[in-house]
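Two chains, each in its own frame: build the complex with the hints.
Protein chains in written order, with numbering that gives the first Met the number 0: chain P, 0 to 343; chain S, 0 to 892.
Please keep in mind that the hints were generated in silico from the structure rather than gathered at the bench.
Take the hints with a grain of salt, since some may be wrong.
Far from chain P, some chain S residues (derived; all Cβ distances over 12 Å) [what the hints assert, rightly or not]:
#1 Lys53
#2 Asp302
#3 Val402
Taking lysine to aspartate or glutamate and the DMTMM-like style, the derived pairs with C-alpha atoms no more than 20 Å apart in a straight line are [unchecked claim]:
#4 Lys708(S) x Glu420(S)
#5 Lys217(P) x Asp190(P)
#6 Lys53(S) x Asp190(P)
#7 Lys337(S) x Glu102(S)
#8 Lys310(P) x Asp170(P)
#9 Lys119(S) x Asp100(S)
#10 Lys818(S) x Glu53(P)
#11 Lys53(S) x Asp150(P)
#12 Lys53(S) x Asp176(S)
#13 Lys81(S) x Asp210(S)
#14 Lys53(S) x Glu85(P)
#15 Lys119(S) x Glu97(S)
Listing some non-contacts, in silico: residues in chain P with all C-beta distances to chain S over 10 Å [said to hold, decoys possible]:
#16 Asp16
#17 Glu181
#18 Thr284
#19 Ala326
Just so you know, these numbers come straight off a predicted model, no measurement behind them.
Heads up, the beta-carbon is just placed ideally off N, CA and C, and yes, glycines get one too.
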Amino acid sequence: MSFWRNQLSGPTDPVADAAWEAPPPRKGFFTDTSICIGCKACEVACKEWNAIPEDGLSLLGTSYDNTGSLGASTWRHVAFIEQSGERIAQARESGRRLVDLGMPAVGLPDTAPAPALAGSNGHGAAGPGAMTDGDAVALASEAAAAGTVPDFRWLMSSDVCKHCTHAACLDVCPTGALFRTEFGTVVVQDDVCNGCGYCVAACPFGVIERRDGDATVKNSGIAQKCTLCYDRLGAGQTPACAQACPTTSIRFGDLDELREVAQQRVDTLHANGYTEARLYGADPTDGVGGTGSVFLLLDEPEVYGLPPDPKVTTADLPDMFRKAGIAGLTMLGMAAAAFLGRRR
Amino acid sequence: MQDLSNADCIVIQGSNMAECHPVAYQWVMEARLKGARVIHIDPRFTRTSATADKHIPIRAGSDVVLLGALINHIISNELYFKEYVVAYTNAATLVSPEFQDTEDLDGLFSGYDDEKGSYKQDTWAYASADGEGDESPGTIGGPAAVHEHGQTESERSAGEQHGSGGPALEHARVLRDETLQDPNTVFQILKRHYSRYTPEMVADACGISVDDFHYLAEAVTENSGRERTTAFVYAVGWTQHTLGAQFIRTAAIVQLLLGNMGRPGGGIMALRGHASIQGSTDIPTLYNLLPGYLAMPVAGLHDTWEAYLGAIANKEQKGFWANADTYAVSLLKAWWGKAATAENNWRFDYLPRLSGAHGTYQTTMAMLDGEVEGYFLLGQNPAVGSAHGRMQRRAMSHLKWLVVRDFNMIESATFWKDGPEIVSGELVTEDIETEVFFLPAAAHTEKSGSFTQTQRMLQWHHQAVQPPGDCQSELQFFYELGRRVRELLADSTDERDRPLLDLTWDYPTDGHGEPDAEAVLAEINGRHLTGDKAGQPLSSYTEMKADGSTEGGCWIYTGVYADGVNHAANRKPGREQDLTALEWGWAWPANRRILYNRASADPDGKPWSERKKYVWWDEEQGRWTGHDVPDFVPDKAPTYRPEPGTGGPAGLAGDDPFVMQADGKGWLFTPKGMLDGPLPTHYEPQESPVRNPLYGQQSNPARKVFPRKDNLWSPSGGERGSEVYPFVFTTYRLTEHHTAGGMSRWLPYLAELQPEFFCEVSPELAAERGLENGGWATIVSARTAIEARVLVTERMTPLVVGGHTIHQVGLPYHWGVGKEALVSGDAANDLLGVALDPNVQIQESKAGSCDIVAGRRPQGEALLRLVEEYQSRAGSTVMTGNVLVTPPEEESR
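Isolated chain S, as found in the complex (with noise of 0.2 Å):
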């Protein structure tokens, strides 16, 4: 995070970072402070960009646009730091001929399969460097050998797995011609792809003026190169859209191109919302994934051990994913420990297998078809805090059961005698037959544990005070539970409880029951079991055998308790070491700061620049060294070149320095992983006024919708309708509340700081609409009318877009419905519907469409009345914005 303070130049975009994140804003006022510029590119002018120096409106949902014109500009005026583009990223690789742009479709890449609205991604493959490769690519081109279909791949999330690196690939001799001349270079397409991405087409796409775009490129591109660098900041601006996943990924090809990854002031800096979200998929709470991102088997796909083995990692592909064997071993030998051996699989047959997408969407709709008995929220609040909550409010009136461990009683607890759709007579009390336990929650303060931040580093809390009255921490109370429900099954013989009573669980605990969570830590570090080291904690991943001779619960956290010490508790204070502070907590993997640091180093393993230096080789003592962990086989030499075919780490080059990549390569262009295409393309958004000025397609072919008849849409684009709802909404965070407020809305101090509701409209949709400040509106979308307070403010700018001016309402989604809260109101998120993302299933939330008005919203039954009245006029129905490719008949229009 402090690395921040190194660029020369922050672009912040899809992001707030001052009020949401405003202790790591301390490392862009610092670089402010040594000269950097910084840019905020936000739909609303916030905290963030009052301290920047320049904020660019920008129409949310039409980034792609921006970024991809920044590639075009790079590209076109040769600004891209070729040395680094041609040695570190697949720019000079040979894509199959196969292949088709959507340049050539139309918006659609090759492989699309319009049964199962997802790709087959065969044709997106590398061009192999031996045989034919060109006619079956499916069996010889790397990427391609073993496919998977999208539609699979979708329903378990599987990008969510490359949270530590990239896809497994056959293998990785693939062609290349560093001249970049060869049409089918991965740089040659790039450069058609984005073509038509020029400043004109952003000024008409995203409401960005010419001159602002060439403010943005020239900051941009003056501060990158060997002396430069410059950093991207975003959080779910970002990824809260039918195509979030590429949004991001065209802010890593403009970061590739310019040279920015792997080197001090570079990068790109997810924020994550929560204090440890990161620990929550390093360890997921996700439906999909086993903790280290390893997959979570698939039926039908990975029935046998050999064939998950297969899936997961490659022997003969480069990198440390080719050792996934090591790390999948040793977490089952952590969970199963005795019980798990060789010759049962190590007990593979115990994890679950995935039957299809069990996201907390898919969940919702299955509560409320009635196949799901009981939920466990534990500081989750979807009755305010997700999308639909009409939709999650009426699924939980379906469970049998609900739990909720909260600090208080939040509206998920209490919808079912205050919620909405009480108020409505949707919903009677009476009739919901769902039983609730609140169970109360331990503080921070409370208990010990570790937070994992958003640049994966684990911070340890101690402590401080005994929880008061009947709070618990989550640790005990899981404890507790499996200890209870192993008791209840002790005398099972049925097979399907073995999982449970095999499961290593025997944590020593304290006077008051709580386990030891030092002893979790070192757990999930891992030890030797076997030999002299028998016992002791293993230092470094790299230890992992396969043979069942270690154990460890997650790979990537290995060395966090090396030497049988808590490097997470490390708290040397910054003035007493240098900036990248190695010895304050422990960051993933190896207490590395900067993933892929390789890079900062030229092919030769020289610093690219004085200025710029940070892992370098030491050629006096073989190895590499600088100021952080380098990123790296410590003393490979940057000369080494492995014999052709030689998997695993040891076929990584001396000048491959992005270690978890299959080919050891940045990519420009992904020949396996993105569900939706092999190069972010702009979509507009599943709610839009806009046309797609790019392509006929009109929103990402392979999102995932849902038709039904509480999830309509708004018509978009221009379609008959589409009017009814014109304006653009888009929903966010204060600094003075947390997410569905339940850690603020019952704190007096920051309730009376945000103690209502409000809208953010501009003078000018103020004046339209007859809207006053400090007065109400009522907020209108396909789904549902809220009312808000009304702030009428310049900091909302009407933009031009496509010829029209296209309003944006703002809406903070921190207040709910219910009679608990010191302060309440309706929720933002009420708005919304429900359509995903396909690589990782996270829901649009960051961009609708929607009507507003001056006063309050009607109540009761007349609420329904107005919403249905406004869905009969837009004419939606359950098919409108759900057909996933767009007709050639609404193309022409």
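For reference, chain P alone in the conformation it holds in the complex (with noise of 0.2 Å):
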């Protein structure tokens, strides 16, 4: 039972439940979405690498955002999302409640990092790369704005396949055309696909689909995602999209590892009374054992057409198999086996 547990709910580590051996650490996305500056290279540089075909040449009227969602021919998507005041201050406030009750923890403000002023003019320092340490150098710009709200904001976000810790599109897979990869990564393959169309209602994310078009298009009828660029990680490359990310908005990394990032940036931000952050896909006990895509997001996570709670949509099928066993109902067990038996 305990096995079933891990595999389909609750903090695990999927790469070990997939039978890998010596796996790699498992690797991730965190995707700060405060120094996102919307400029689609992430968008861009996934169609590149993976030739994925262009989707859509019309104006939707949402701010900058032409791309719409995540879909079969958008792995990457940037959200833009325009706010007033109050809105912001809804935002701050939800973020700080989020703070209260202990999630995500906070340190408190004077714990918060020296002023950045001290020390040299920043001779002999690496590039952009150098944030990666936890921010140790505080915002002071964010600390004389603590405090006040702004009229207006502009958010953007780039989302992505989250690549869960247990990943329905995966579990409900009746080809194993699905896999977790050595990297903690889920991943199409497209000749094994067939098409099924599973996968695309079980994903709580939305994010799987299959290709639209006739047999000149690439992978018409296939299910398809993010690899997390499965064939550049394999060579011991970046994901296209972290490559061409001008502002490391997007990194790639460890998921450990970017997950403590992620954390100190969002005390970081606290500390300076930018409030209204909070992570997303960081908590491994949350209803798809955390995700392999974590997010910064500066409101809650609809206004990024994020689903609050995410939960994976296999979850319950352990209860719903031991309350059956309980009862003696031969039968429903048949029933319910036969039917995760009849796959195409």
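Below is the structure:
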């Protein structure tokens, strides 16, 4: 039973569960939306590297977003959200309340790092990569802004497949086309997928989709989503989106480290008055066991089109199975088994 | 560029850096992470504003008021960096008592010539130390001695010469009052000039609240001084105005007063719009310049070699421009080799002479007049990207032949069959006799060469693959063209063909006919021609000689090929060197990353502060040293004082950091060189719904106008009819596209990100005009009407100016009408007219007047009728907006 529990919900190491021997550390993304400049380089780099077709040449009228959402031919999607001062104040308040509830853990302001102005003027400092050290240097500018709410802001955020610890798409895949890689990511094998579409309904984030189009379109009818550039990872390379990101808003690395960096970043922002900052996908006890793609958001997840409380759609399967057994309803159990087994 | 991360405050104004320079913007984000305050001043809230500490909306074209008020604030509150200002700027220098300010003449400076519409600059000269300078400043006072009239200077865009240093002065024997109290000091003139540029005036003219002004003023002044520095960043939001060069000058004054020039995290960063636009002014594609900012000779002014040398450099002036003869001779030797000798003045007569302004817009008008037969377009799409697209396309239809070299069949190659004028019936394909040749171009990955980017840095790119099909590099195209033309002329005895036949035109080629780009770089770098070192590359431009013993194609690039090594290809990763990164690429001059960096040390040669240490005098070694290549004579001690009257580099004192300036000082006041005034002054744009709140003079009196029936303007500033075009429009770019779209609208991955032309309007304007988000709008100017999808957004803010609400309409200009691109649409630049800055002949494309109504525009002839109906309602005539000096009767209205 505990095997099933670990496989389908709660904290676990999905790579070990997938029986990889001596795997590398689990890889993932940390997307820090607070430094995203909305350039969409991630979208373009992703399409270039993965040879994804163009999918629509019409203006959507939703700020600068003409992509709309993630889908079979959109593996990175930058959302643009325009907000007034009132909404910003609400976001600050809701973020502050998350801290009061102890999630995420935020250091007290007096434990914040020293102001940026101490020390040298930066000769010898590394490039933008320097900020990976948990932003040891505080944002003095942000401190200055503490307590004041601007009239307006424009949020930008690059969304991507979450590479869930408990990936419903993978769990329901009848052909084994979706599999857990040695990096802990979830990847579709184009040549194995039969286009049944179970994964499409199963994904709690609405990420995976079958590609539309006639026979001239590559992989039409096949379920498609971000592979976290499995081919690049195999060659020791960074995924295309993270490589192209000019501000390191998208970071790639070992998931454990990224979660720490993300938490430090939230701490820093809170210490400087930006209490709207919160993490998304960093909690291993959430409905998908935490995600391989962690986000720092500046408002409620819904604002970005993300489900507030995602739950792996197969999480209830063990529970259903157990109840069925206790009731001795063999027929029901067999029906369930038959349902699970009836894979085309 | 990475030096921006050293700034304590960054003001981005006239630039949308995050969208148009996202890679460079990483250093702004880095500065912010290190604690810098970032302020974005722009008519729109953009992706730059979204990541700044504060966005301050401003009315397009009112920047001089804001920056002038900053100057006033700094002076009145004594917030300037006194030691720096006294020692390093011309604040203490006395100006001729004949000088009269705009305060005295209601918006004009002394010397305005009504007939020519330009200034004679002799009264702006420094007062002279010797003789009765007061009485005849034109003959004695330094700069005024050899004075070209502003009109001819404007015709050759003389301002562009100053891309590498200030203009020549006769000498630098000037009077100074270091107490700054003499009423004729630059400092006192400056103080008087900006005394009415107050926070209240800013509120009235720019629509910026007094609180926001103080936020900016405090941020900038608190982050300047010994310990801290502030940087300004601009792009074409400052340059593309009828007084664009003066916008930048205003920022230069602020930065000099605050002591932010030549120091880490300081300066003014000019962001260039393309990969090698800096390179194409250094080794110019401009009509008026020779490589390295040497002036193109002008017929009548520079008829002899001696006259030319006298104009480009004077041996009696201080600084490195005094050696311009060595740069010019080396250039002529590089071009004409053995044929260039001392006896024939190095073939100076082979150079063409300018006979007037031959800028892009004058050339366009000459086409309409049938004066131009052929036109090469190389990476240029004027049908979409230039101001007044209709004039551009109609002009090209008058050519005999047109060569378009591009990646794609851009609108400038297809206007004759599917342009807007074909649709409207103004032009008929069968009647157009222009023969259009389309030649496909190689991409940067398909050829080797250098890019010179925004911070003057050359970076080499290596060919990765062969160009496909018939695609060719520019290098190969021009080499072949030259080779074939020379072949055709080989037997010619005509004198006029000698310059072509005598050219050194002998680059090695590879198996595909591609010339060796490094061989070209080596020629540009230059080499010794005689003596022990004959054939060896020059290491520095200081090795250049005027006796024909050296050659070099562009003096400022000398050193890029020192020791026979292509330093542009240097690629030591940033993590393996310090932030200055001298081993990444090569920056002109002399691989120096911050110009005038002698100013980062105090007059005694010590760093102003430990925190802002950059270049300093090493007493023990008797040399300048530091993080960068010192911008100074390496062993000239801070205490050095030249004999009076010494010219050239030796004439610079040990505490004259501005080594390219004729007096070694940073110029708060420009006694020479700026054609529209020695101090920046606010004038309204050529088209503006607002009356100039500061002076009777409405617009720049020295601007270049073209009164023509096809170039009408809206009445301005409360004149009758100005209400017909009540809104301000401004044009710009988006991250997702590249300029006129030739490199992006044909690429599906970019085209899908911004697929349609749109306009941005505030919810208030949308309500006023019934515009709906996602719907259509028609935007009408005095030139034409275009249609766009509508984005209603709070990112556009109505501003209260002069007691009236001013609405601004934002228009990205990437789309054009045609059938070849994946995405097309009306071109925003079609709305623009042609009026130019007098210094550099740039068009005013960042501010204009328009109307906006809901719905799509009419088609065909109905479109022309709509435009005419607006023109007639506004009462626009050929002279509307084109009277240079505002008549008194209008002033009083």
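### Task
Take the C-alpha atoms of Lys119(S) and Asp100(S), compute the straight-line distance between them, and say whether it is at most 20 Å.
holds, 14 Å
### Query
Holds or violated: Lys53(S) with Glu85(P), Cα cutoff 20 Å?
Within the cut-off at roughly 17 Å; holds.
#### Entry: Pair hint outcome, Lys53(S) versus Asp150(P) [Cα-Cα no greater than 20 Å]
Roughly 10 Å separates the two Cα atoms, so the pair holds.
### Message
Quick check for students: does the CB of Val402(S) sit more than 12 Å from each CB in chain P?
### Response
holds, 31 Å
### Query
Checking the smallest CB distance to chain S, is Asp16(P) really beyond 10 Å?
Check passes; 37 Å lies beyond 10 Å.
### Query
Are the Cα atoms of Lys708(S) and Glu420(S) separated by 20 Å or less?
Between Lys708(S) and Glu420(S) the Cα gap is close to 17 Å, so the pair holds against 20 Å.
### Straight-line alpha-carbon gap Lys818(S) to Glu53(P), limit 20 Å
With a Cα-Cα distance of about 19 Å, the restraint between Lys818(S) and Glu53(P) holds, given a limit of 20 Å.
### Assertion that Ala326(P) lies farther than 10 Å from chain S (Cβ)
holds, 54 Å
### Query
Taking 12 Å as the cut and beta carbons as the points, is Lys53(S) off the interface with chain P?
About 8 Å separates Lys53(S) from the closest Cβ of chain P, which leaves it inside 12 Å; violated.
### Query
Is the Cα-Cα distance between Lys81(S) and Asp210(S) 20 Å or less?
violated, 27 Å
### Message
With the threshold set at 20 Å, check whether the alpha-carbon distance from Lys119(S) to Glu97(S) stays at or below it.
### Response
holds, 13 Å
### No chain P beta carbon within 12 Å of Asp302(S)'s
holds, 51 Å
In summary, the numbered hints that this structure violates are 1, 6, 7, 12 and 13.
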